[in-house]
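Protein chains: 2
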Amino acid sequence: MNILTSLSELRANLKYMSGSLGLVPTMGSLHEGHLSLVKAARMQNDNVAVSIFVNPIQFGPEEDLDIYPRNHDNDLDILQSEKVDIVWIPDVKEMYPDGYQTYVTVEKLSRYLEGARRPGHMRGVATIVTKLLIAFAPDRLYLGQKDAQQSCIIKRLVADLGFAIDVLICPTVRDIDGLALSSRNSRLNPDERKAAIVLYKSLSEAQTAFANGETDASRLRTLITDVIRIEKFAKLLYVSVSDINSLKELHYVSDRALCSIAVKIGSVVLIDNIVLEDS
Amino acid sequence: MNILTSLSELRANLKYMSGSLGLVPTMGSLHEGHLSLVKAARMQNDNVAVSIFVNPIQFGPEEDLDIYPRNHDNDLDILQSEKVDIVWIPDVKEMYPDGYQTYVTVEKLSRYLEGARRPGHMRGVATIVTKLLIAFAPDRLYLGQKDAQQSCIIKRLVADLGFAIDVLICPTVRDIDGLALSSRNSRLNPDERKAAIVLYKSLSEAQTAFANGETDASRLRTLITDVIRIEKFAKLLYVSVSDINSLKELHYVSDRALCSIAVKIGSVVLIDNIVLEDS
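For the protein sequence lines, the chains are A and B, in the order given.
For what it's worth, this note's numbering labels the leading residue of the first sequence as 1, then goes sequentially.
For what it's worth, this note's numbering labels the leading residue of the second sequence as 1, then goes sequentially.
Rather than coming from a laboratory, the hints here were simulated on the basis of the structure.
Beta carbons are placed, not taken as given, at the ideal position from N, Cα and C, and that holds for glycine.
Please note: incorrect hints may appear among the correct ones.
Take a look, some chain A residues computed to stay more than 10 angstroms from chain B by CB distance [to be verified]:
1) ASN2
2) SER81
3) LEU188
4) ASN189
5) ILE244
6) VAL269
As a list, the in silico DMTMM-like pairs of lysine to aspartate or glutamate whose alpha-carbon atoms are at most 25 angstroms apart [what the hints assert, rightly or not]:
7) LYS264/A to GLU231/A
8) LYS248/B to ASP98/A
9) LYS235/A to GLU63/A
10) LYS108/A to ASP91/B
11) LYS155/A to ASP160/B
12) LYS194/A to GLU205/A
13) LYS15/B to ASP139/A
14) LYS108/B to ASP98/A
15) LYS108/A to GLU107/B
16) LYS232/A to ASP175/A
Partial list, computed: chain B residues near chain A (C-beta under 7 angstroms) [as the list claims (entries may be wrong)]:
17) THR102
18) TYR103
19) ILE134
Using the sequences and the hints, build the whole thing.
In structure tokens form, the structure reads like this:
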């Protein structure tokens, strides 16, 4: 496994690589969710690359950049055992040198959900992913369904900018009690960790209601809101029942919808989503 | 010479190309200025590609998109005789399909000069050039000094996004009377064409003054303004004496400055510039 830090090293390394390349972009602090992406990439490509970079420009001034979990040694052990070929761990100066001023925006899709809650966040995501795609020129890019809006925006970006890359969205990996895996889960205390199951619980109840014929989006939102209100450690930041492609809020769910929530548990904001779909 | 229209054809063509590639991006209506870029590319690369695309997103609603000169047959004859390998002439739907919403901005450098005069213009330029660089993945990119701010912005974009591409800026090509070649010159009537030499005349006088020791930027700007005021067909839109890298206006020229103007001659806006430099 080649562990690289500079862009020039990365380019030199890629230049002599033959066969297909799958890329898994991460912010490190790897968990089973990331590993499911790495395993998918390993199965489908001759070469697998993982980037580890906590991207400062996707964090707002009041957000958790400084306390975002970082654990490179453990990350590298995991990636080694998954037979990853290249790990790129650039520092901030390498990625954003002095005078840096170029940004990529995916305009309409960034207005909703996390984009509305975190101004500048989706611009930061679109910019770093563009830079990673230019640096690696992979054949396939692996993303997680847990960050549904990111995946949606990156698929649009890849199509719009004309990258010849397949974007593969892998299912959310959950703990046994249903909590979606997230690096931020490590910041929950035991009480908060218990409370955090309310995210998946509320989404599951919406899914059951939809399966039983509830197609009114506002009633589905109310149902979720009511489930979360009961949990005293939880504060609902938003609940959305939106078109799965445009992310626009729906009045009624005809065949499919993205149902997404952001919930603050103690001081930690968690997001989760589920796709409501006619079976 | 392969003349291609779709991105998929272009990709298929490039896939089997060997050796280095030089790219000359154009909006067609080719003149000797473009040809100097093609000739430079021809000398320095195994393969030469030219794109022809009048990019709608870099024109404002009140601008000359619809009447921008187009002359594909003549362009192709010229490129054939220059032994160009690939010409890409995508249509607008190919470049900006339905739902397109991804834009690239080079923030600070877009605030000045043409960026200030034409809101959205530099975003349109940065976006199309990013798309061309992703599509062609050239080794070298050829641009003209006449569009000094564009060149400056594209150099920054290439560095910021991490493209492994050399950007080469070729000197402005001028008619015998000094008028910088531009596709828009064809829209001048004979009186306006005569009047248009005032752009280069004013810049040349500034250069002479600088060579004779004038380093006060505001006096250089006044000198240019006074030369242009005398020409009754000409209306000065801006005059700038700026730092050649940051494009910030200068108080004094120490060793080098970019001296640029935009002048309306009849209904046509022309731009020109000169680099003031200690010899």
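Checked hints:
no. : hint                 : result
1   : ASN2                 : 18 angstroms, holds
2   : SER81                : 30 angstroms, holds
3   : LEU188               : 35 angstroms, holds
4   : ASN189               : 40 angstroms, holds
5   : ILE244               : 14 angstroms, holds
6   : VAL269               : 26 angstroms, holds
7   : LYS264/A to GLU231/A : 11 angstroms, holds
8   : LYS248/B to ASP98/A  : 17 angstroms, holds
9   : LYS235/A to GLU63/A  : 17 angstroms, holds
10  : LYS108/A to ASP91/B  : 23 angstroms, holds
11  : LYS155/A to ASP160/B : 22 angstroms, holds
12  : LYS194/A to GLU205/A : 18 angstroms, holds
13  : LYS15/B to ASP139/A  : 13 angstroms, holds
14  : LYS108/B to ASP98/A  : 13 angstroms, holds
15  : LYS108/A to GLU107/B : 20 angstroms, holds
16  : LYS232/A to ASP175/A : 21 angstroms, holds
17  : THR102               : 4 angstroms, holds
18  : TYR103               : 5 angstroms, holds
19  : ILE134               : 5 angstroms, holds
In this structure, none of the earlier numbered hints is contradicted; all agree with it.
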